[in-house]
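Going down the list, the sequences are from chains E and X. This note's numbering numbers the first residue of the first sequence as 1 and each following residue consecutively. This note's numbering numbers the first residue of the second sequence as 1001 and each following residue consecutively.
Please keep in mind that the hints were generated in silico from the structure rather than gathered at the bench. You can trust all of the hints, since none of them are fake.
Distance ranges between label pairs, derived from CB positions:
id, chain 1, residue 1, chain 2, residue 2, range
1, E, Ala126, X, Arg1361, 39 to 45 Å
2, E, His240, X, Lys1277, 40 to 46 Å
3, E, Arg237, X, Ser1508, 50 to 56 Å
4, E, Pro147, X, Thr1316, 52 to 58 Å
5, E, Gly163, X, Ala1079, 53 to 59 Å
6, E, Gln192, X, Val1202, 43 to 49 Å
7, X, Arg1361, E, Glu175, 29 to 35 Å
8, E, Pro147, X, Val1192, 23 to 29 Å
9, E, Pro147, X, Trp1408, 55 to 61 Å
10, E, Asp210, X, Val1202, 51 to 57 Å
11, E, Ala167, X, Lys1277, 25 to 31 Å
12, X, Val1371, E, Ala167, 36 to 42 Å
13, X, Thr1341, E, Gly163, 35 to 41 Å
14, E, Gln192, X, Ala1185, 30 to 36 Å
Once the Cα atoms are required to be at most 27 Å apart in a straight line, the calculated DSSO-like pairs of lysine-lysine come out as:
id, chain 1, residue 1, chain 2, residue 2
15, X, Lys1270, E, Lys166
16, X, Lys1509, X, Lys1589
17, X, Lys1270, E, Lys134
18, E, Lys134, E, Lys244
19, E, Lys166, X, Lys1277
All C-beta atoms, glycine included, are put in the ideal place defined by N, C-alpha and C.
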Amino acid sequence: MSTHALPVAAATVEDDVSARIARLDEARRTPLLHVDGLWKVFGAKSDRIIGTPDADLSRRELMAKTGCVVAVKDVSFDVAPGEVFVVMGLSGSGKSTLVRCLTRLIEPTAGQVTVAGQDITSATDAQLRDLRRKHVAMVFQHFGLLPHRRVIDNVAYGLEIRGDGKAARRERAQEMVDLVGLSGNENSYPDQLSGGMQQRVGLARALAVDPSVLLFDEPFSALDPLIRRDMQNEVIRLHHEVGKTMVFITHDLAEALKLGDRILIMRDGAMVQVGRPDEVVGAPADDYVRDFVSDVPRSHVLTLRWVMRDPRPEESLEGPVMGPDTVVKNAAHRVLASAHPARVVAGDQLLGVVDREDILRVIVAEESP
Amino acid sequence: MTAVAERPAAPAAPEPPPTAQQQQRDPVRRTGVLLAAILGIWALGWALFKGTATLPLGRATLTDFQRSLNDLRDAFDAARDSNFFLETVVGGASDGLEALVTAAQNLLSQPAFPRPVPEIGWLGVLAVAAWIAYALAGVRSTILVVVSFLAFGVFGFWTESIDLLIITFTAVLISVAVGIPLAIAMARSRTVTTVVTPVLDVMQTMPSFVYLLPLVLLFSIGPSAAVVATLIYALPPVVRITAHGLRTVAPSTIEATTSMGSTRAQLLRKVQLPMAKQTIIVGVNQTMMAALSIATIAALIDGPGLGEPVIEALQTLDIGTAFVSGLCIVIIAIMLDRTTTAASERAEAERRTAVHDPRRRRAALIGGGVVAAVAVYLSRSYLWAADPDTLPDLGRPLADAVGSATEWFTDTFGQLTGAIKDGFTYGLLNPFQSLLADSPWWLVAAALLAVAFLIGGWRPALTTAVCLAVIFGVGLWQDSMVTLGMTLVATVLVMFLAVVFGVWMGRSKRADTALRPLLDAGQTIPPFVYLVPALALFGPSRFTAIVAAIVYAGPAAIKLVADGIRGVAPTTVEAARSAGSSTFQIITKVQLPMARGALVLASNQGLLYVLSMVVIGGLVGGGALGYTVVSGFSQAQLFGKGLAAGIAIVALGIMLDRITQHAAARQGRR
Ligand SMILES: Nc1ncnc2c1ncn2[C@@H]1O[C@H](COP(=O)(O)OP(=O)(O)OP(=O)(O)O)[C@@H](O)[C@H]1O
Ligand SMILES: [Mg+2]
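Required output: the full structure, derived from the provided sequences and hints.
Spelled out as structure tokens, the structure:
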């Protein structure tokens, strides 16, 4: 099979996806961020609940019984260097609490968080400050800019508080302002900027300290749809340019699928499913997730792996060759143009075939509700 | 009495089911009926027992308790040189403050021996003040300051004006130095807040007049007692407003900056303080105005400043002089208020126009500094630049003109003003006062307790019982009832004005824009000054004190009601209008009932303002407790009685405050 050269267009898409998968495999070996059995319970005597049978109660039952709210319930995951890890769930599912526990803006009730091998949960105040100043930066839904400082000084804030020299931090801040496309606005005050521009300042501020991990808590929810799309593209661009590891909170599934290498779906504080976008859409773990993904244009997310089938005995095996991780939408054109079913091939092994009908089924299914 | 204002509380809820409506209307109506019943029984008791058990006390008579307060004062006086606390702590503080004030006086206002004039003469002081105003607030304020200082000179009250400013600024500086750290501690710690807040409450609700006498016990009389009295009254605004400013810094910003690894000190210095800066300046402004108002009154305990000539003129019925010195107080009030406001606006504007050329400003500042230095030099070398008496004297002619104008006015309209005064006094004040002061004490006490229970609940009833017991105990029952009567009558009038003007302002944007600056200005003027025109119009009498009290309390109450009316949801008003309500129906059935929380709050504020002014009215024939306090200042053997009157005033204040606060809380819950 190695004699068949794959067409160029398909190759890039596939390589992209394959590269992602390779990264994920790598991640399992050396995660940058490691979260293990994390709990956050709000309320009096909240530390007495974990480990007792009460911990298995649903959120509402526990609330009724003890008055405590489980915001994060036994969450564990790893994030690889350079990965974009998206956390999503409905309002109140504990996303914000989870992301704040990562740098202990909210003190976790139990569990462990490790960043680049350093245990955060047992860090001293000074270590924690050091971590926040150099390694982990955050972007907030409501921006949290300093209204009395100009854009450039907002961006330089993180450098200032860790004691960088004036000239150095100005230069770095200017670089960041240019990077996020705000050149010319460095002397404005935040309230003179639009919401989208303010969030760019938030982004530049987070990037300025050159962190290894960027945390985003619904950074674009407060923006209108067009600006939101711009900003999402901006994040994708920045991810390509600076390659930061990102944990991205959202309640917008389209955003999650667009940005995420992997997606964690939460419900009432607990993990429901973790997986690549196509896994989440193709094999929802339960009705909650199925409901969530029901509106997704499946052809944009599913790969051939999800639609292929075994060749029928009389079927021709002359069709074009494609990788299993090719997204249906990208494969559609060639499959529909070909007289023979496409062969889905990994390495030199034939995994299955996809014909017009298989493709159309995916595309048509999402048009009829 | 506040219940009167609540009466129109018809159901405002949009069409609840009939039973709920019934339940809602019933308690209000029942309260009204019960109040009427109490009044009826009271009136009956009054008719039967009138004049018995009223607990009067002759002017020069002292009860045992009051004599023991005199003894206490003597003991303090005797111990001042021997007791460690009094000598070292209080004495040390007192000496320090006095030295500070004297040094400032020698520098700026009083002859610095052996010189016949202060170290810096009027021209120098004026130039330096103008320069400071320029540096902090801008050109307009500079002009205002120059004109004001010139006015002090030409009106012949230079020394007194500067002295008043010295006392005010000393107290403000200490307030800020103590208050801002305290506010920071409050913003950071819940414990500090819970401990400090009630103390601030007491400091603020106590009528200003009554601070003075207890301070005399500790500090004797003079500038240091004046500064401390001023300080106590001036501290709460800056603490409260600063703490509020710090606490309301956007939590999202705090979280964001914490997430970047700010230390607590960095958070405070780089985030909270800068973000609260404007609010803090507002706090300083409030503190300054509060300080000014007490610094004038502190003349009663020998505090130097403009209060002295005003009091003297009030007591000798010299309207002309009272007017001119009062005018100087008003000028100071406007000057301080405008300048600090401009300074805060400037702080805001400056950060907006960041690229503003700093070099030009620096040059202007240096130039101004040079001019000021030259002026200081001149004022040290030439008598004309040092002695404000070399300025043309406009004060005397103005005083004479006002004096004769007043005379002409009383000659021409004396009958009219007299008729107003008598009509009010005989028609409203006397009957009401008689009900309170001529009924037997037990009847009044029972009635007041019942009213407190009815409109506030059992807690204020308990407070009322304690306060009445205190009033009984200090031996000033009848005087207290007279003062209470005046206070209640004046408050009813204030509430009448507040509802009329408040509704007008709340409904008409134009009325609001026209009246609000007047009300704001009225609130910045030290209360003391209101006595002057009231006295000019009506001569010394209880009515005069009531008029001054109404003028003083009016603005605050009107503003509260106006804000309450404006706060009624426009959709509700629109719904009522679309249902065909007339304007009068909208006001009485929708806006006033829905704003009743604001009405009760306004009557609470009105009561406290009125009480403090009715007491100060003792200076212009207000009689009763106010007069007793004033004579406690002026006659050594009546000190104890004055102090007892002070205690009775505090008891009245707490009683009225608690009852209305609880009534307000009830309104809020409904
Ligand atoms: N400080 C707190 N005290 C008590 N309960 C809290 C606190 N903060 C959050 N909670 C509760 O924890 C749960 C999770 O809240 P969280 O803000 O993490 O949800 P979220 O997924 O971020 O929701 P959203 O999409 O609305 O931002 C909610 O039920 C919330 O009521
Ligand atoms: Mg959230």
